[in-house]
Structures are given as C-alpha cells and as structure tokens.
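Enquirer: So you can see what is in the structure, the chains are spelled out below.
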Amino acid sequence: MAAAGAASLSRISRLFSSFSCRKQRINVKIIPQRRGISSCIDPAHGLTDEQKEFQKVAFDFAAKEMAPHMAEWDHKEIFPVETMRRAAQLGFGGIYVQPDVGGSGLSRLDTSVIFEALSTGCVSTTAYISIHNMCAWVIDTFGNAEQRERFCPDLCSMEKFASYCLTEPGSGSDAASLLTSAHRSGDHYVLNGSKAFISGGGDTDVYVVMCRTGGKGAKGISCVVVERGTAGLSFGKKERKVGWNSQPTRAVIFEDCVVPVNNRLGEEGQGFSIAMKGLNGGRINIASCSLGAAHACVQLARDHMMVRKQFGETLSKNQFLQFKLAEMASQLVASRLMVREAARALQENRSDAVSLCSMAKLFATDQCFNVCNEALQMHGGYGYLKDYAVQQFVRDIRVHQILEGTNEVMRMIISRDLLTDL
Amino acid sequence: MSGRVLVGVKRVIDYAVKIRVKPDNSGVVTDGVKHSMNPFCEIAVEEAVKLKEKKLIKEVVAVSCGPQQAQETIRTALAMGADRGIHVEVSGKDYETLGPLHVSKILAALAKKEEAQLVILGKQAIDDDCNQTGQMTAALLDWPQGTFASEVSLEGDKIKVVREIDGGLETIKINTPAVLTADLRLNTPRYATLPNIMKAKKKKIANVKPADLGVELTSRLEVLRVDEPPQRLAGIKVETVGDLVSKLKETGKI
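Going line by line, the protein sequences match chains A and B.
Oh and the first sequence: position 133 is 133 in the UniProt record's numbering, straight run, nothing missing.
Oh and the second sequence: position 150 is 150 in the UniProt record's numbering, straight run, nothing missing.
If you're looking for bench data, these hints aren't it; they were derived computationally from the structure.
Hints may be right or wrong, so weigh each one.
Unchecked claim - Covered by chain B, per the in silico footprint, the following chain A stretches (three or more residues, Cβ under 8 Å):
no., region
1, 54-66
2, 82-94
Unchecked claim - No farther apart than 16 Å at their CA atoms in a straight line, the calculated lysine to aspartate or glutamate pairs in the EDC-like style are these:
no., chain 1, residue 1, chain 2, residue 2
3, B, LYS34, A, ASP417
4, B, LYS34, A, ASP42
5, B, LYS52, B, GLU155
Said to hold, decoys possible - Pulled from the structure, derived: some chain B residues nowhere near chain A, Cβ distances all over 10 Å:
no., residue
6, PRO23
7, GLU72
8, ARG75
9, ALA79
10, HIS87
11, GLY168
12, LEU194
13, PRO195
14, LYS201
15, LYS203
16, ASN207
17, GLU222
18, ALA234
19, ILE236
20, LYS237
21, LYS249
Just so we're clear, the structure is a prediction, and the values are computed from it rather than from any experiment.
No residue lacks a Cβ here, since even glycine has one placed at the ideal position from N, Cα and C.
Turn these sequences into a full structure, and let the hints steer you where they fit.
Expert: Structure representation (structure tokens):
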C-alpha cells in the first residue's frame, strides 16, 4: 500500500508547495512543514474536535498563504493587506468579537489556538492581526450600540484596520502617566500630544486612543476612537526595527485634533480600565504568537538535526543536542499549558485571570524566545543566514518580552497580587 | 432530478507526513499519525459546493467509509459547505482490507438510495493510488463517467467534462446521472471559515452499516508485503556516447 503511495505523496507535496510559491521567486529554503508523527509537542492535544478544526484552518492558512512570504514581507517591509483580508474572510478579523457585528464569537482559548497556528506562518503579521482583534474587541465590549455598528463590521472584515494607542515617548511602563490631553469643547474633544511605537500607525484607519480628559493618574484617562483623515492627526517616520517588519510602526501625533464626543468609548475616566482589560487578552494573544514561533523552531531544529552530519553521524545522534531538544520541547509545552489555562481563566472571568495572564505572558514569551534562540544555535552558522527561517522567528518574537507590558511590569502585577494584604 | 450530489471523502495520512513502513512489513504506520481528507476529495467537495452555490444542484451529501475517525473527515466536508453526511461504519480487520470494489458497491447502493443526480469523487487516494473507485462505481450503476475532470459544466440534463488525459485535454458530453472524478486542476478548495465550522456542528451525520446496504466486505486481495522504495543510488558519469552504450549493455539495461 505504501510503495506507490510514497512516490505520489512526495509528488503531491511538491505540487502543493509549488502551488503556493509559484507567484514569487524568493531565495529562501522552503521545506514543506513536516507535520510529522503525532508527538509530544502536537498543539492539537487536549483540544475539542471543533477547536481542532479551527486549528487546522489556521495551520493550513499559515502554511499556504503566509509561510512562503514571511521572508519577503520582512525583507521588503511589506504590510500584507490582501493576505490579512483573506484571513478576515475566514473569520480571523474579529475572533472574539460578537457575531451580531460581524465577529466570530469564539472563546479566548479558541483565539489562542488560532494565533498560535497562524504564527507558524509569520509571527509579525499574526501579531498585528492580534492587535487588530484587541481593538475590535474593545469597541465591541465598551462601545454603545451606535459605535459598535459604526466600527466593528468593517474591522471584522478588515475593510478597515485598527491600531491601539497607549504608549507615549514619556510613558511606557508607567502608562497611567500619559500626557496626551483631550479638552472637552461642546460636543468635541480637542486632542494634543503624541503616541509612540504604534503598530500599524499611518497605514491603519481606526485608532483606539487613551487620552487624558480629567486629572492626573489612571482615573483621568478616557478612551477615544480617532479615524484616519481627521484634521490634526499625523504620523511620524516609519521606524526601522529588528523584527516585526511586516507591520509599520510609527508615532501618532495629535495637534488640535478634533474628535466628536460620540467617539468616546464608555465613560470619562474609564479609559485606563478599558486599556488594561484589552491588554489582558492582548497578552494571551502575544504569548500565543510566541508559542507558534517556538513550535515552528523546534520542528526546524529537529529537521536540521536529522540531516546535518558532523563527526560521522547526524546531529540527532548527539546526546547533548538530544537533551537540548527535549528541554526545548518541555519549555514549549509548559508555556502552552500556561497560556491556555490563562485563556480559560479570562474566558470564565476567574479571580486569578489578570495575574494568570501576566504570568503566562511573562513565562511564555521568555521561554519561547529561549527555545527559538537555541534552535538558531543548533543550526550553527546556517542559523545566522536569512536564507533560513529560524533567525526571523528569533528576531520577531524578541519584542514580545517588551510590548503589551514589559515582562518587568508582568512581575509588578504578579508581586502586587502576592503581597496584597487580604 | 433530485438535485442531490453524493461526494465521497476518504480519510488518509496527511500529505506532508513522512511515511514509515511497519517493522513487520505488513503495512505503513498509521497509529498516532496525522490524518486528513484526501486532497482530491477536497477538490471533489469544493466542486459540489460550487455547483450548489451556482444553484445548479440542491444538496451536497458527504460520504465516508471507515472507523469512528472518518466522522472528522465528514465534518471537514460539512465545514466546507456540504449539507449533511453519511458515515458508513467499517472498522477493524474489515477496514484494513477495505478496497475500491467494496467502496464502489457501497457508493452505488447509496447513490440509488439517495436518488443522487451526481456522484463526485477524487480521482484517486494518495495512500493507495488505486484510481478505481470512480470507474467501478459508474460501472455498477451503469452510469456514464467523467474521470480526471479539470473542468465541469452542467448543461441542462447533460454534463460537459474536460478530462486531463495523456495526450492532452479531452472534452466529452455525458448524460446525467453520472459519476465524476476530480483531478488536481478542477478547482482550488476553499478554507473552511470559522462560522462554517461552527455551523457544521449542527449538521447531521447519519450512521449506516455496509450490511444495511447489502454489501459484504470479504476481500479477494491479500497484501503480502509492504516495502520502502529502494534507495536511489548514485549514478556514474561517462565521457562518450560509446561509453554510455557499453555501460547500458553491461548492466543489462539494453
């Protein structure tokens, strides 16, 4: 049964990889992702049949629509609008947004599974999609009926793209000290100030902006939606980054930018709380992206070990490397379990959800970076070449330890929980 | 015309998996190995769903023969747009010896029972490469067949099929009801969307036994041995045509 089958299998897999690569010639080694023998790191373990279906679609999409292009998107700094819109057609534009405004209405765990799978195709693009999802959810959850109708359907279909604007040049970890002001004037706010490091900034259409309507501290912050084309909204230069190059990053500048009060989400003073709630989910999403990268890198390292020979045998016979691979696999699975548990906790609104999300983000982004970094090391000199995907995974997920709350801030959140006198 | 299309879908080892032969050479390792829908069956489902979207047919029924896990494959077809599924339960020893003749008898019986207007199958499965089921099903039903289809168009009560053959492309016109088998270039299967995957949960899958359809599964074939293809050996370079001819004679090739 196998003999004839094996030949046609390799024929089919070559046909399939040529199907997706035929559009562009890129000098990158594209080895069809070996979805091999079900092993201990299979991300399908423990999922329901339905979640496995979601995961399958995401993996297929990542392998066919993203992986063949991830190197080019990184090298040429292309924001892959068409590919993301195709992802949105499958329901990936508003995964945990409610269906009545065009979302897919899935759970946080479903979302984590999907982003983890998509990341194996391109971390940077998936990370942007997750930020877009976070913005759509914020408007879905805290917007009134009119705002939800106005913004969410276009965001879910990715007819319009969104950016999340919290960080400023003077306030990163100390987010509550932000300075962008919003002075009320009749039925408008006038915004003045600037935001830094905004993912998608300049190329996106809908900006979810945290600004100061009241006094100092968190209680004085409100959340306002600013649309591209509004007078007084401008952008800084496109930043040159080590990774995340398939999404543009720019400063967002407000100079007497007039925004209708109708664009404020929730009440005045509610903005910081909205921002933090958005980030709880955002942290699970970013951690999930790290999981996908680590999964891809463990497979790349394993595949490399099976072919590379030194000292007369393949690297897979070397005990140090075998043990290293085992450690990487253990770190990956441990991270995945934490992230999925945090997703469940957030979905159920458990009392430990915020801390668990912080722990999961801290643990997974750190561990997965180590996994990818070790995978690069195992490739030897080849790991340093841009012809090999492993270096892009390393560069792309390095920033996950910094944004959506640095891993240091995660420690602040966790220690505060531990040291609070109840 | 009932406007009903039967689509056969087979659960096979995923195309990207590295196949391993069992140590006792009795078959390939399937335990714990990733399986998915046969790629040509995906193309068949896509074609059926496209016909429904064009309102040329009314209902798409996905059929799979196999153990419990075959239901996963039917669910994938439902998520792509099939309306309901039929799971023909075959497990254990029967499943190991299940071959195209049995499946054809099952599909023929179902096609009659469901009053199908069309049966669409993949041209072959990527595990056994038999390329027989479509043809046998047509023969058992005494229906015309349009195999290796790279283009299908319904024209009244006839079907125009462009077939990929060794000599190029052959266009035929056949009556309905008919059996079609899908070739690679017939279409590009769609991804299931998240909403469709959720809707698929509510679609029905009926369970049927081969005996209910009057089909008995004793096999007339016995697999003696399964081996890996021989390792490709390095070739040698020769300087002249004369050398080439003498080398070929030497190794008994000519």
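Enquirer: With reference to the structure, classify each hint as holding or not holding.
Expert: The hints, checked one at a time:
For the region 54-66 of chain A, the assignment as covered by chain B holds, since 5 residues bring a beta-carbon within under 8 Å of that chain's beta-carbons and 3 suffice. Only when three residues or more bring their CB closer than 8 Å to a CB of chain B does the claim for the region 82-94 of chain A stand; here the count is 4, and the claim holds. At most 16 Å may separate the alpha-carbon atoms for a hinted pair to count; LYS34/B and ASP417/A exceed this at roughly 42 Å. Proposed proximity of LYS34/B and ASP42/A is supported: the alpha carbons are some 10 Å apart, at most 16 Å.
The hinted pair formed by LYS52/B and GLU155/B meets the criterion: a straight-line CA distance of about 15 Å does not exceed 16 Å. Separation of PRO23/B from chain A is adequate, the least Cβ-Cβ distance of about 13 Å exceeding the 10 Å criterion. Here GLU72/B does not stay apart from chain A, with its beta-carbon only about 7 Å from theirs, under the 10 Å limit. Its beta-carbon lying about 7 Å from the closest one in chain A, ARG75/B breaks the requirement of being farther than 10 Å from that chain.
A cut-off of 10 Å between C-beta atoms contradicts the statement that ALA79/B is not in contact with chain A; the least separation is 6 Å. With a least beta-carbon separation of about 14 Å from chain A, HIS87/B lies farther than 10 Å from that chain, consistent with its non-interface assignment. Once the 10 Å rule is applied to beta carbons, GLY168/B is consistent with being away from chain A; the minimum gap is 19 Å. Separation of LEU194/B from chain A is inadequate, the least Cβ-Cβ distance of about 3 Å not exceeding the 10 Å criterion.
A beta-carbon of chain A is positioned within 10 Å of the beta-carbon of PRO195/B; the least distance is around 6 Å. Against the 10 Å criterion, LYS201/B falls within the reach of chain A, whose nearest CB is about 6 Å from its own CB. At roughly 13 Å, the least C-beta separation between LYS203/B and chain A is larger than 10 Å, which holds for a residue marked as non-interface. The Cβ of ASN207/B lies farther than 10 Å from every Cβ of chain A, with a closest approach of about 17 Å, so its non-interface assignment holds.
Its beta-carbon lying about 12 Å from the closest one in chain A, GLU222/B satisfies the requirement of being farther than 10 Å from that chain. Distance check for ALA234/B against chain A: the nearest CB is about 17 Å away, which clears 10 Å, and the non-interface claim stands. With a cut of 10 Å on Cβ distances, ILE236/B stays outside the contact zone with chain A, its closest approach being about 23 Å. Look at LYS237/B: its CB is around 24 Å from the nearest CB on chain A, clear of 10 Å, so calling it non-interface holds up.
A cut-off of 10 Å between C-beta atoms confirms that LYS249/B is not in contact with chain A; the least separation is 28 Å.
In terms of the numbered hints stated before, the structure departs from hints 3, 7, 8, 9, 12, 13 and 14, listed from lowest to highest.
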